[in-house]
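Assemble the whole structure, with the sequences as input and the hints as a guide.
Chains as they are written, first to last, in my numbering: chain A, 943 to 1370; chain B, 5 to 280; chain C, 518 to 842.
Hints are not guaranteed to be accurate.
[Claimed, not checked] Derived pair list, reagent style PhoX-like, types lysine-lysine, alpha-carbon separation capped at 25 Å:
#1 C/K597 x C/K585
#2 C/K838 x B/K106
#3 A/K1264 x C/K585
#4 A/K1304 x A/K1067
#5 A/K1351 x C/K603
#6 B/K171 x B/K106
#7 A/K1264 x A/K1304
#8 A/K1271 x A/K1001
#9 C/K838 x B/K171
#10 A/K1271 x A/K1067
#11 A/K1067 x A/K1193
#12 A/K1067 x A/K1306
#13 A/K1264 x A/K1008
#14 B/K135 x C/K585
#15 B/K135 x A/K1264
#16 A/K1351 x A/K1198
#17 A/K1001 x A/K1264
#18 A/K1008 x B/K135
#19 A/K1130 x A/K1198
#20 A/K1067 x A/K1130
Since the hints were derived computationally from the structure, they do not count as laboratory data.
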Amino acid sequence: MRSKLIASAALLAAASIVLAGCTSEGSSEDDNTLTLWHFESADSAMGKAWDAAIETFEKETGATVKFEEKSFEQIRSTASQVLNSDAAPDILEYNKGNATAGLLASQGLLMNLDDAYETYGWGDKLATSLQTTARYDENGVMGSGSYYGVPNYGEFTMMYYNQDMFDQYGIEIPTDMDSFEAALAAFKAQGITPLAESAAEYPLGQLFYQLALSKADRQFVNDYELYENPVDWQGPELTYAAETIADWVDKGYISKDSSGLKAEDAGVSFINGTSPMFYSGSWWYGRFQNDITFNWTSGLYPEGDLTPGSSGNIWAIPANAKHADLAEKFIDITMRPEIQAIIGNNGGVPVAADEADITDPKSKELIASFNTVNERDGLSFYPDWPTSTFYDQLNAALQELVNGTTTPKEFLTQLGTQYDEGVADIVG
Amino acid sequence: MVSRRQWTDWLVLAAIIIGAIVVILPFLLILVNSFKSPSDYANNGALSWPTTFYTDGIAAFWERVNFPAKLGNSILIAGLVSIFAVMVSVLNAYAIGIGRIKGRTWIIILFLVANTIPQEALLYPLYFMFKQVGLYDNIWSVIITFTVIQSAFGTYLLSSVFSTFPKEVLEAAALDGASRFQILWRVIVPISRPTISVLLVFFFIWTWNEFLIPLTFLVSNDNQTVPVAIATLQGQRLMDVTTTSASALLGLIPTLLFFLIFQRTLTRGITAGAVK
Amino acid sequence: MATLPAQLRPEGTREVRRHRTDESLLPGARSRGFWLYLIPGLVLFTVIILVPFVWNVYLSFTSYRGIKPPEWIGLDNWVKLLGDEKFWISFQNSIAMIVAMVVVPTLLGLVLAAILFDVVGKKFGGRVASFLRATYYLPQILPIAVAAVVIGWILRADDGALNQVLEAVGLGSLSHNWLGSPDTALLSIMVVMVWVQLGYPVVIFMAALQRVDPELYEAASLDGANWWQRFSSITVAIIRPEIFVVTLTCTIAALKVFGPVYTLTRGGPGTSTIVPSYYSYSEFFQSQQVGYGATIATALTIIVVVLTIGFIQAQNWVERKEREI
Chain A
943 MRSKLIASAA
953 LLAAASIVLA
963 GCTSEGSSED
973 DNTLTLWHFE
983 SADSAMGKAW
993 DAAIETFEKE
1003 TGATVKFEEK
1013 SFEQIRSTAS
1023 QVLNSDAAPD
1033 ILEYNKGNAT
1043 AGLLASQGLL
1053 MNLDDAYETY
1063 GWGDKLATSL
1073 QTTARYDENG
1083 VMGSGSYYGV
1093 PNYGEFTMMY
1103 YNQDMFDQYG
1113 IEIPTDMDSF
1123 EAALAAFKAQ
1133 GITPLAESAA
1143 EYPLGQLFYQ
1153 LALSKADRQF
1163 VNDYELYENP
1173 VDWQGPELTY
1183 AAETIADWVD
1193 KGYISKDSSG
1203 LKAEDAGVSF
1213 INGTSPMFYS
1223 GSWWYGRFQN
1233 DITFNWTSGL
1243 YPEGDLTPGS
1253 SGNIWAIPAN
1263 AKHADLAEKF
1273 IDITMRPEIQ
1283 AIIGNNGGVP
1293 VAADEADITD
1303 PKSKELIASF
1313 NTVNERDGLS
1323 FYPDWPTSTF
1333 YDQLNAALQE
1343 LVNGTTTPKE
1353 FLTQLGTQYD
1363 EGVADIVG
Chain B
5 MVSRRQWTDW
15 LVLAAIIIGA
25 IVVILPFLLI
35 LVNSFKSPSD
45 YANNGALSWP
55 TTFYTDGIAA
65 FWERVNFPAK
75 LGNSILIAGL
85 VSIFAVMVSV
95 LNAYAIGIGR
105 IKGRTWIIIL
115 FLVANTIPQE
125 ALLYPLYFMF
135 KQVGLYDNIW
145 SVIITFTVIQ
155 SAFGTYLLSS
165 VFSTFPKEVL
175 EAAALDGASR
185 FQILWRVIVP
195 ISRPTISVLL
205 VFFFIWTWNE
215 FLIPLTFLVS
225 NDNQTVPVAI
235 ATLQGQRLMD
245 VTTTSASALL
255 GLIPTLLFFL
265 IFQRTLTRGI
275 TAGAVK
Chain C
518 MATLPAQLRP
528 EGTREVRRHR
538 TDESLLPGAR
548 SRGFWLYLIP
558 GLVLFTVIIL
568 VPFVWNVYLS
578 FTSYRGIKPP
588 EWIGLDNWVK
598 LLGDEKFWIS
608 FQNSIAMIVA
618 MVVVPTLLGL
628 VLAAILFDVV
638 GKKFGGRVAS
648 FLRATYYLPQ
658 ILPIAVAAVV
668 IGWILRADDG
678 ALNQVLEAVG
688 LGSLSHNWLG
698 SPDTALLSIM
708 VVMVWVQLGY
718 PVVIFMAALQ
728 RVDPELYEAA
738 SLDGANWWQR
748 FSSITVAIIR
758 PEIFVVTLTC
768 TIAALKVFGP
778 VYTLTRGGPG
788 TSTIVPSYYS
798 YSEFFQSQQV
808 GYGATIATAL
818 TIIVVVLTIG
828 FIQAQNWVER
838 KEREI
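Now the structure itself:
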């Protein structure tokens, strides 16, 4: 037994020294390799499009692409450490917003892309509202300043409807707030919880934000997201949102159980027909196309011009990147119409696609909705963006609201305090 | 050596078995959901039997993250850590438990700080240090760190056990003229084999399941371990549940095997006597 | 244990030796000579733990976002911590964790280990006992992220396994929104932690039980002692070191618990399940307030160390009393 232990230890030690030698050399690549990181799954719209872009890139430049699939959690938690070291990639997909890309940009970890934008003309391909998340000032606040990222796809939120269930009960797909609330009541009368929701993760927060937006204007968004003016947390928009949620929970339109459900649970309850209405994002579209067995349709929220949404995650080039020129070429390839069309035809939302290239009918619906939002300058980002802890704080507060342990007023006061503290940290 | 069984013994056995079934139930759920297609899971829920036997998800995942390489990394790291940590623990415990060095209580407490300090607190300083010596993004950074953390527990357990080591055996060995090192290697270690085996198993399993430190220090995919690879299935907003289930199953198998293999050394003492 | 050779034992009594402070258990070997064996451990410890800890303490007096150099702000972080309600609530929740991860698993584990060893092992064979021990240990092998998914399936409000089973046996009124409702969220995590932790004491205690000489049991049962009496006066006494170790390490783990909270509830609903480790993590990695995160981490470490010191003193005191008997 003892000798077995010694022998295996010696073997392991020898193997590990060899392996360590190999792995520590991992950071020295030959001069023509592009190290690329992203966290989209291989069968998602972006995954497919970017795989095609990699092929095109390798053909055209003769360079090889070293692609590493990361987890979102890894990039989020370790970005500031990795980008500050030799192990930084040449290009990575990164989360957009003040708390993420803005923070890194203000710390000097991302490369300034102003020149690249000039050279490749990306500014012309992207709608203005989409460019908000590409530029950050010295404090890391988006909307102005130099370019630090390039959006490659878009995302926004909408209502998903189970057409079959609507038909079954003779209810009309809503076109305005009145018919929307009528549909909610009608389903409830049949003993069905109309809205699939989750308060433990992002869905309810986004609905809350949409409700506020339906009574708000563009300046409200600028105040909330860009800190232009203080936000009145007892003002009409947010009060309406909080009271409506409390009201809908009371009436049973949103299940009290949603305080314990995750986004996955909510989505699944729409897929398996438990709830006929689901308010969530375009990122579900591809999965719904695969997994849903009934007739379904989607539409923008029936009130107001503003919709939560933004550019998707952005391409960013670390300041320490060894092959920034290759990275820029790669970004340009992903902006080409044929790559954008792949995103569009697979349930994703492209930012620079040719309408003619989109052939899949359901995808056409999705992109048409996105274009509508863009044309009325409706993209309003997300409720958890203002501070880096707001996501947890908003969810925790909504859980309390749904459980009935706080009133709408208390809920708003608590969130308002947390919002103000967080913003003060950023703006100084 | 099986003595006479009474009916109360059967009752006790039944109770224990029922308890074991309750403990295992969640694993059955994992098993059932590992072979389901995503739409099957979405439509029929987590508790239903799969409609068809589906292995595409796990096969695709296996290819995409190069799972065998991740298994290799995990086995290597966990294996080396458990061996090194046991070695360090034995040396420390010898000095503390048998040697009774001065201030040993404080030394134990000092070592235990390795266990009490939250891992997040270590990450930034260690990141800077490893970067300086070029060990960032290298498995040795993880191996060294875990050796220290695990050996704190090992030192504590072994020194507690060593301090109640039967004196007569030590005296007999000393009378035989053995040196300090020989006593350690030929007398104390063999007799403490059950405890040492427990440590080997624990260290292997704990290191295998570690997430935060490998996530932070093993940047390139080539160096990653199994838990970090499984985390790639948790997307920013969506999650691939059935593949996560299946990959968790895959990740469980090596640790389970390790545990079962080492159980045999633990078993050898169960019905026999002890120190003779 | 074997008895001493007759010539070393005074008439009928056990020797009471005055314990010289610099003597080791090896006769004739002075304690001082053993320092050599501590060198590898101490060196590694200093580099990997001591230096980062001191650094961490330093960071707690600064404002630092992780990249630009830290700026000294004196006691600001500490003042903030003392007035931080969330921090104190997180400690309250830690106490609940201690019940779930120390008290219940240790007691239950002790009983389970004794039964598996004494009853099952002796009456049904070692193989059966080993197999059952392995099943109880399985939850320890499962990565917490996966355990969270499975627990989610069981505890989910509408169609989770638990609620379905309750309804099937007619106890539908007991079904709950286990993880989403503040009164049951913490409780649910506690139950999960008992499930996860139970295997650990069982394995350690079963290894420890092998040190007990069966002759002691036989002698005791010949004297008429029943199972419980044998258990409490012989078993518990001999495996006392392991009992101490299990209790202390489980307590440390309970105070540091992070994984289950992160994957199951993220501290919610409200603050009903927030724990110090999760709070410190969110400051380090979400807000990137490394200075404040370091403050929380230091405070947590200090509290745990103080507890550890108390514990080990108690352990030493008990051991010393035993030796003097």
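Results of checking the hints against the structure:
For a cut-off of 25 Å, the pair hint linking C/K597 to C/K585 stands: about 22 Å separates their Cα positions. For the given pair, C/K838 sits about 19 Å from B/K106 by alpha-carbon distance, which is consistent with the 25 Å threshold. Restraint check for A/K1264 and C/K585: the C-alpha separation of about 22 Å stays at or below 25 Å, so the hint holds. At most 25 Å may separate the alpha-carbon atoms for a hinted pair to count; A/K1304 and A/K1067 meet this at roughly 24 Å.
Simply put, A/K1351 and C/K603 have alpha-carbon atoms about 21 Å apart, close enough for the 25 Å limit, and the pair holds. For a cut-off of 25 Å, the pair hint linking B/K171 to B/K106 stands: about 19 Å separates their Cα positions. The suggested pairing of A/K1264 with A/K1304 is violated, with an alpha-carbon distance near 41 Å, which exceeds 25 Å. As the CA atoms of A/K1271 and A/K1001 are separated by approximately 12 Å, the hinted pair is consistent with the 25 Å bound.
A threshold of 25 Å between alpha carbons decides the hint, and for C/K838 with B/K171 the separation of about 17 Å falls inside it, so the pair holds. Proposed proximity of A/K1271 and A/K1067 is supported: the alpha carbons are some 16 Å apart, at most 25 Å. As the CA atoms of A/K1067 and A/K1193 are separated by approximately 46 Å, the hinted pair breaks the 25 Å bound. A distance of roughly 19 Å separates the Cα atoms of A/K1067 and A/K1306; the hinted pair therefore holds under the 25 Å criterion.
Among the hinted pairs, A/K1264 with A/K1008 is consistent with the structure: their alpha-carbon atoms are about 13 Å apart, no more than 25 Å. Annotation: proposed proximity of B/K135 to C/K585 holds, straight-line Cα distance about 16 Å (limit 25 Å). Restraint check: the Cα-Cα separation between B/K135 and A/K1264 comes to about 18 Å, which is no more than 25 Å; the hinted pair holds. Using a Cα cut-off of 25 Å, the hinted pair A/K1351 and A/K1198 holds, with the two alpha carbons roughly 19 Å apart.
Proposed proximity of A/K1001 and A/K1264 is supported: the alpha carbons are some 21 Å apart, at most 25 Å. Proposed proximity of A/K1008 and B/K135 is supported: the alpha carbons are some 22 Å apart, at most 25 Å. Restraint check for A/K1130 and A/K1198: the C-alpha separation of about 14 Å stays at or below 25 Å, so the hint holds. About 45 Å separates the Cα atoms of A/K1067 and A/K1130, which puts this hinted pair outside 25 Å; it is violated.
Violated hints, listed in ascending order, are 7, 11, 20; each of the other numbered hints is respected by the structure.
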